[in-house]
Amino acid sequence: MKHEDFKDNGYIEDLVAQLNGSGVNVVVGKADQLMNWSRSNSLWPFCFGTSCCAIEFMCLGAARYDMARFGAEVARNSPRQADYIMCQGTITYRMAPVLKRLYEQMAEPKYVIACGACTVSGGPFKNSYCVVKGIDEIIPVDVYLPGCPPRPEAMFYALMQLQRKIKVTKFFGGANRKEKLTYSPQGAKAE
Amino acid sequence: MADLQEQISKACPDVQIDNSGQWPLLTVANATWHETATKLKEQLNFDQLMALVGVDWGDAIGVIYYFTNTQTGDIIHVKVVADDRDKPYIHTVSDLWAVANYQEREAYDFYGIIFVNHPDMRRFFLRNDWVGHPLRKDYDANPELNPIRLDDETNEDYTCRYVEKDGKVVKIDGKVFEDDEYVINVGPQHPSTHGVMRYRVSLDGEIVKKVDVVSGYIHRGIEKLCESLTYPQTLLYTERMDYMAAHINRHCLCLCIEKALGIEVPHRAELIRLMMDELMRLSSHLLSYGCLTMDQGATTAFFYGFRDRELIYDIFDRTCGARMSMSYSTIGGVVADVHPDFITDVRHACDVIEKNMKEYHQLFTGNVIARNRMIGVGLLSKEDAINYAITGPSGRASGCHCDVRKTHPYSLYDEFDFEEVTRTEGDSMARYMVRMDEMVQSIKILRQACDKLEQEGAQGEYIAKVPKMIKLPAGHWYQQVEASRGAFGVYIESDGDSKPFQKPMRMHFQSPCFNLIGVVDLTCRDNMIADLITITASIDFVIPDIDR
Numbered sequence: 001m002k003h004e005d006f007k008d009n010g011y012i013e014d015l016v017a018q019l020n021g022s023g024v025n026v027v028v029g030k031a032d033q034l035m036n037w038s039r040s041n042s043l044w045p046f047c048f049g050t051s052c053c054a055i056e057f058m059c060l061g062a063a064r065y066d067m068a069r070f071g072a073e074v075a076r077n078s079p080r081q082a083d084y085i086m087c088q089g090t091i092t093y094r095m096a097p098v099l100k101r102l103y104e105q106m107a108e109p110k111y112v113i114a115c116g117a118c119t120v121s122g123g124p125f126k127n128s129y130c131v132v133k134g135i136d137e138i139i140p141v142d143v144y145l146p147g148c149p150p151r152p153e154a155m156f157y158a159l160m161q162l163q164r165k166i167k168v169t170k171f172f173g174g175a176n177r178k179e180k181l182t183y184s185p186q187g188a189k190a191e
Numbered sequence: 001m002a003d004l005q006e007q008i009s010k011a012c013p014d015v016q017i018d019n020s021g022q023w024p025l026l027t028v029a030n031a032t033w034h035e036t037a038t039k040l041k042e043q044l045n046f047d048q049l050m051a052l053v054g055v056d057w058g059d060a061i062g063v064i065y066y067f068t069n070t071q072t073g074d075i076i077h078v079k080v081v082a083d084d085r086d087k088p089y090i091h092t093v094s095d096l097w098a099v100a101n102y103q104e105r106e107a108y109d110f111y112g113i114i115f116v117n118h119p120d121m122r123r124f125f126l127r128n129d130w131v132g133h134p135l136r137k138d139y140d141a142n143p144e145l146n147p148i149r150l151d152d153e154t155n156e157d158y159t160c161r162y163v164e165k166d167g168k169v170v171k172i173d174g175k176v177f178e179d180d181e182y183v184i185n186v187g188p189q190h191p192s193t194h195g196v197m198r199y200r201v202s203l204d205g206e207i208v209k210k211v212d213v214v215s216g217y218i219h220r221g222i223e224k225l226c227e228s229l230t231y232p233q234t235l236l237y238t239e240r241m242d243y244m245a246a247h248i249n250r251h252c253l254c255l256c257i258e259k260a261l262g263i264e265v266p267h268r269a270e271l272i273r274l275m276m277d278e279l280m281r282l283s284s285h286l287l288s289y290g291c292l293t294m295d296q297g298a299t300t301a302f303f304y305g306f307r308d309r310e311l312i313y314d315i316f317d318r319t320c321g322a323r324m325s326m327s328y329s330t331i332g333g334v335v336a337d338v339h340p341d342f343i344t345d346v347r348h349a350c351d352v353i354e355k356n357m358k359e360y361h362q363l364f365t366g367n368v369i370a371r372n373r374m375i376g377v378g379l380l381s382k383e384d385a386i387n388y389a390i391t392g393p394s395g396r397a398s399g400c401h402c403d404v405r406k407t408h409p410y411s412l413y414d415e416f417d418f419e420e421v422t423r424t425e426g427d428s429m430a431r432y433m434v435r436m437d438e439m440v441q442s443i444k445i446l447r448q449a450c451d452k453l454e455q456e457g458a459q460g461e462y463i464a465k466v467p468k469m470i471k472l473p474a475g476h477w478y479q480q481v482e483a484s485r486g487a488f489g490v491y492i493e494s495d496g497d498s499k500p501f502q503k504p505m506r507m508h509f510q511s512p513c514f515n516l517i518g519v520v521d522l523t524c525r526d527n528m529i530a531d532l533i534t535i536t537a538s539i540d541f542v543i544p545d546i547d548r
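Protein chains in written order, with the working numbering: chain A, 1 to 191; chain B, 1 to 548.
Warning: the hint list may mix true and false statements.
Covered stretches of chain A, as calculated for chain B (at least 3 residues, CB under 8 Å) [to be verified]: (1) 46-57; (2) 61-72; (3) 125-133; (4) 157-170.
No lab work stands behind these hints: they were computed from the structure.
Glycine residues also receive a C-beta, built at the ideal position from the N, C-alpha and C atoms.
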């Protein structure tokens with residue numbers, strides 16, 4: 001897809017401006033580009049399917065949609081081998097500590113796609129007594145993907161947005177050092 | 001009917017019988033409940049507990065039980081009210097009907113009803129440090145009482161039992177596992193548990209000794225949410241419980257509301273609904289085939305199953321406008337007429353899937369690994385299947401004739417020619433084969449339905465005239481349908497509120513998977529730990545349907 005075909009280009013442009021503004025020498029800059037290109041094309045998802053969206057995610061892995069075209073078909077069951085969590089499905093109060101712990105177990109750099117209405121805001125279960133109203137209350141989110149459940153095409157769109165985001169990050173001294181930044185669950189929104 | 005009433009009053013003379021509804025309603029006092037229940041089971045042969053619904057009537061708390069006699073198909077329901085609203089005690093029936101074990105734990109979790117003599121009175125869905133019982137009408141919903149707790153939950157190694165001693169109820173502590181048992185944790189987050197289910201498994205070498213199911217990781221409080229919505233609004237939740245039976249669950253709730261309102265649904269609408277149900281069943285069984293094969297390492301078979309599911313998704317997409325969570329049935333009919341190519345598409349999908357069925361069998365059914373891992377593994381006897389209220393393909397694999405489409409025909413199923421698939425082995429292989437054979441029957445139904453829909457013409461009346469404000473009279477209703485995984489039931493109780501936007505007083509969903517989870521311990525015990533995953537895959541449950 002071309003740059004202008006995407007929606008919400010503002011944040012990518014901000015990231016580019018940030019990247020250009022910080023000033024990096026040519027060697028590190030080129031190494032960064034190479035790193036980012038290779039990382040963005042081998043994103044290994046961590047299966048975190050709790051409900052309906054997980055079925056659409058399975059369709060993504062199957063023959064018609066074929067996630068392998070994006071280098072993202074290696075779905076891992078261990079957080080330590082994965083690059084990003086695609087959180088599919090409602091997160092309840094009982095699941096919240098588990099999600100947080102699994103997120104913390106992932107190696108840096110790590111990313112989160114909030115897939116489906118439940119993970120974005122609580123969705124149809126927003127008024128429930130035990131549903132987390134958006135996973136950004138617990139962990140930082142990179143891409144929000146609405147839909148109940150989103151179509152596989154929409155999931156690809158979210159995946160491509162994440163790839164674009166990775167391509168404009170500073171890897172050396174940036175993304176791979178991110179663990180030093182602390183994240184406070186109360187109040188703070190996604191970075 | 002009169003016969004049954006006579007028998008009941010003969011066996012239990014102190015019971016009040018109300019015959020005004022669809023099924024006889026028995027009102028039993030808590031003190032004599034266990035005695036009456038024993039008679040119902042042993043003398044009158046009501047061998048299956050279909051549903052157990054906790055209800056808070058405002059001034060009293062109690063339970064409504066739905067029983068069925070699997071031989072005659074008779075249904076009765078029993079109302080037992082606890083004496084004290086603040087400290088409700090009811091005698092357990094888990095010693096008579098094994099399915100009541102988890103059902104009563106659910107009622108305890110929701111209403112705080114303590115079941116006297118129940119062996120394991122722990123919460124089922126919510127964390128053990130949860131404050132209050134959410135479905136009680138006096139529940140304090142203050143978020144400060146129950147915030148999002150990010151500390152890890154402590155393992156519930158202790159349980160308790162309440163017994164009657166000198167007319168008083170006393171608590172006795174117990175243990176889930178003994179001190180010298182070797183317990184490992186499986187889940188809650190692993191694809192092979194088919195969602196977010198957690199088992200704590202006690203092992204002796206590689207042999208499973210006991211499985212403790214820890215549920216509730218996707219408990220979303222749907223039943224409580226329904227109490228704050230109008231009837232048309234509650235429909236959407238049915239599709240998000242068992243998303244592999246979305247049309248069927250929604251159909252069930254629609255049927256229940258239509259039954260309460262006395263709405264006659266146009267023939268065409270009912271036919272379309274039935275076709276959608278069968279397409280959903282096909283899609284669900286294909287998914288189940290894909291997952292079962294993948295759990296045994298056959299990744300290719302998974303792709304084959306999913307390839308054909310896309311055909312069904314395309315049909316849904318064209319007619320309903322969505323691949324999943326279609327929101328197509330509505331009170332009185334369906335929201336729109338079918339796509340002009342609907343019949344052609346369905347016929348094409350039927351042909352393709354029928355042709356590919358041979359391929360599935362070649363690929364997997366005859367495979368020596370698959371046969372060794374499934375034949376004779378995870379046995380479930382017919383008696384246990386009835387006692388644990390196992391319905392659907394898993395129940396039929398044990399020899400139960402529990403297909404609601406045959407036992408209590410709803411919709412237009414009595415107009416169709418199809419067979420109820422049953423087997424007698426009761427092992428993983430039988431459960432797998434029942435699903436495969438059911439797909440053939442679904443195709444058979446769909447072909448007949450295509451012919452019928454063609455006769456009706458390209459267009460027709462697809463929705464009945466329904467009042468703009470859905471208001472149910474005071475009373476309660478129960479409706480059952482055959483979902484992909486077993487009998488799905490909806491219980492609605494209305495207080496007959498005259499306000500414009502009437503809300504249900506109580507809405508309960510009796511999901512088939514909730515009962516299926518009850519036999520995990522039974523079927524996995526004394527099998528290898530590696531077979532835990534294949535057995536649960538062959539039982540085939542959807543976790544959001546258990547937790548709701």
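Each hint tested on the structure:
Counting residues of the stretch 46-57 of chain A whose beta carbon lies closer than 8 Å to any beta carbon of chain B gives 9, which reaches the threshold of three, so the coverage claim holds. Proximity of the stretch 61-72 of chain A to chain B, defined as three or more residues with a beta carbon under 8 Å from a beta carbon of that chain, is established by the 3 residues found. Coverage of a stretch by a chain is defined here by at least three residues with a beta carbon nearer than 8 Å to that chain's beta carbons; for the stretch 125-133 of chain A and chain B the count is 7, and the condition holds. With 0 residues having a beta carbon nearer than 8 Å to a beta carbon of chain B, the stretch 157-170 of chain A misses the requirement of three or more and the stated coverage is violated.
In this structure, the one hint that does not hold is number 4.
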